[in-house]
Structures are given as structure tokens and as C-alpha cells.
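S.K.: Between the sequences and the hints, there should be enough to build the whole structure, so can you do that?
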Amino acid sequence: MDLQSKTVKLRLIEEQDAEFVLKLRLDDRYNQFLSSVDPSVEAQKEWIKKYKTDESKGIQYYFIIDRHDGVPCGTVRIYDLKDDSFCWGSWILNENKTRYAALESAFLVYKFAFDKLKFKKSHFDVRKGNDRVISFHEKMGAVRTGETELDLLFEITKEAVSRTKERLMSKII
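For the sequence shown, this note's numbering assigns the number 641 to the initial residue and increments by one for each residue that follows.
If you are wondering where the hints come from, they were derived from the structure by calculation, not from laboratory data.
Mixed in with the good hints, there may be bad ones.
DSS-like cross-link-like pairs, simulated, lysine-lysine; straight-line CA separation at most 30 angstroms [claimed, not checked]: (1) 737 / 689; (2) 798 / 751; (3) 722 / 697; (4) 663 / 760; (5) 697 / 756; (6) 768 / 649; (7) 690 / 761; (8) 737 / 690; (9) 692 / 798; (10) 689 / 779; (11) 649 / 692; (12) 768 / 722; (13) 697 / 685; (14) 722 / 760; (15) 690 / 758; (16) 646 / 805; (17) 737 / 663; (18) 756 / 722; (19) 805 / 722; (20) 751 / 649; (21) 649 / 758; (22) 751 / 768; (23) 756 / 692; (24) 649 / 690; (25) 758 / 805; (26) 779 / 690; (27) 779 / 737; (28) 697 / 779; (29) 690 / 760; (30) 722 / 689; (31) 761 / 646; (32) 805 / 768; (33) 798 / 758; (34) 690 / 805; (35) 798 / 761.
M.R.: Dropping the structure here:
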């Protein structure tokens, strides 16, 4: 499936991406709301090797977000696949991102999950205090479905994403 938009594209992660992913996840500018990771490139490579087994079984999908000039600028992961819903996260964009990389990468995630995997909705959580990401998802049409001690829980339907995409089409095509 062609997962590219105006300025970015998604590609499945490979072992050689370990150093890039680790750099992102260890950077204090981006990791405030992420779970901690082992700071070793070898450990990251091992995690990717194990993940590739899940990918081949259709259990989860981990993407690198690249600009069209080939410069990687982020990551995003689809996981916790249920009957008609999927979760997504591990969404990080660095200083090399394009102006609309967040919007474009989100729509590409939804394109993959709704069109290729045939899901009808997405469920996901956002850490409390991550106000920019909470606002982003709410503007996309996500609704809060609950909360835990750490997270706000959301759901968004394929129809809500389609309405938002229609409204923002000029920015992403």
C-alpha cells in the first residue's frame, strides 16, 4: 500500500532504524510522555527483530515517518488490534518534520488501518498533561471514552476521520 502524502511517507521499520528510534526515544524533547527504553542500540535491534515476527503475523505495525527526501523525522505504531478497532501510538516527530507532518502521518495511519486492515474505529490513550496531542486528537474528531490514573482514553471512527480529512484536504494533498 502506498502510504505517502504531500510531504511525508510511512515505511515499515527495519533493524537499521534502531539508532534513529533510540535517539528519538532518549531525547528529552520528545520522551516526556513515552515509556522508557533500554538505552542500547543492540537492545533496540533485538526489539525490532522480535517486532518483525509480530508484523509478519499481522499483530502490530511499526512505521518510520520519512520526508520525501528520505530524511527520517518520526515513528508511529499500530497495535492492540481488536475486532473492529485498533490502537496507535509511539508517535514521535522530531525537529526534521515538515510543517504538516503530524496531520499527514495521522491520516496515513488511518488510511492503512481503515483501508488496508478494514477497521471501523480506533481506540487510543494519551498521557494526561500532553495537551498538544490531546487537542490534536480532539480536533481530528476523537471523543473521550474514559480515563485511567495516567491517561485519557479516546475513540475515533472512520467517518469522523473522513469528515476531518475533507475539511483539511487543501493542507494534505
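S.K.: Work down the list of hints and note, for each, if the structure agrees.
M.R.: For each hint, the structure was consulted:
1. 737 / 689: 26 angstroms, holds
2. 798 / 751: 9 angstroms, holds
3. 722 / 697: The given pair, whose Cα atoms are some 14 angstroms apart, holds under the 30 angstroms limit.
4. 663 / 760: Outside the cut-off at roughly 34 angstroms; violated.
5. 697 / 756: With a Cα-Cα distance of about 15 angstroms, the restraint between residue 697 and residue 756 holds, given a limit of 30 angstroms.
6. 768 / 649: 29 angstroms, holds
7. 690 / 761: At roughly 27 angstroms apart (the allowed maximum being 30 angstroms), residue 761 and residue 690 satisfy the hint.
8. 737 / 690: 28 angstroms, holds
9. 692 / 798: 27 angstroms, holds
10. 689 / 779: 36 angstroms, violated
11. 649 / 692: 20 angstroms, holds
12. 768 / 722: Judged against 30 angstroms, a Cα distance of about 24 angstroms means the pair holds.
13. 697 / 685: Distance ~19 angstroms between residue 697 and residue 685 Cα, so the pair holds.
14. 722 / 760: 10 angstroms, holds
15. 690 / 758: 25 angstroms, holds
16. 646 / 805: 13 angstroms, holds
17. 737 / 663: 15 angstroms, holds
18. 756 / 722: 15 angstroms, holds
19. 805 / 722: 24 angstroms, holds
20. 751 / 649: Given that 30 angstroms is the threshold and the Cα spacing comes to 12 angstroms, the pair holds.
21. 649 / 758: 20 angstroms, holds
22. 751 / 768: It holds: about 27 angstroms lies between the C-alpha atoms, which stays within 30 angstroms.
23. 756 / 692: 18 angstroms, holds
24. 649 / 690: OK: residue 649 and residue 690 at ~24 angstroms, within 30 angstroms.
25. 758 / 805: 18 angstroms, holds
26. 779 / 690: 35 angstroms, violated
27. 779 / 737: It holds: about 20 angstroms lies between the C-alpha atoms, which stays within 30 angstroms.
28. 697 / 779: It is violated: about 33 angstroms lies between the C-alpha atoms, which goes past 30 angstroms.
29. 690 / 760: 28 angstroms, holds
30. 722 / 689: Holds - the C-alpha atoms of residue 689 and residue 722 are around 23 angstroms apart, at most 30 angstroms.
31. 761 / 646: 24 angstroms, holds
32. 805 / 768: Given pair residue 805, residue 768 holds - Cα atoms ~26 angstroms apart, limit 30 angstroms.
33. 798 / 758: Holds. Residue 798 to residue 758 sits at ~10 angstroms (cutoff 30 angstroms).
34. 690 / 805: 34 angstroms, violated
35. 798 / 761: Holds, at about 6 angstroms.
Violated hints for the displayed structure, listed by number in ascending order: 4, 10, 26, 28, 34.
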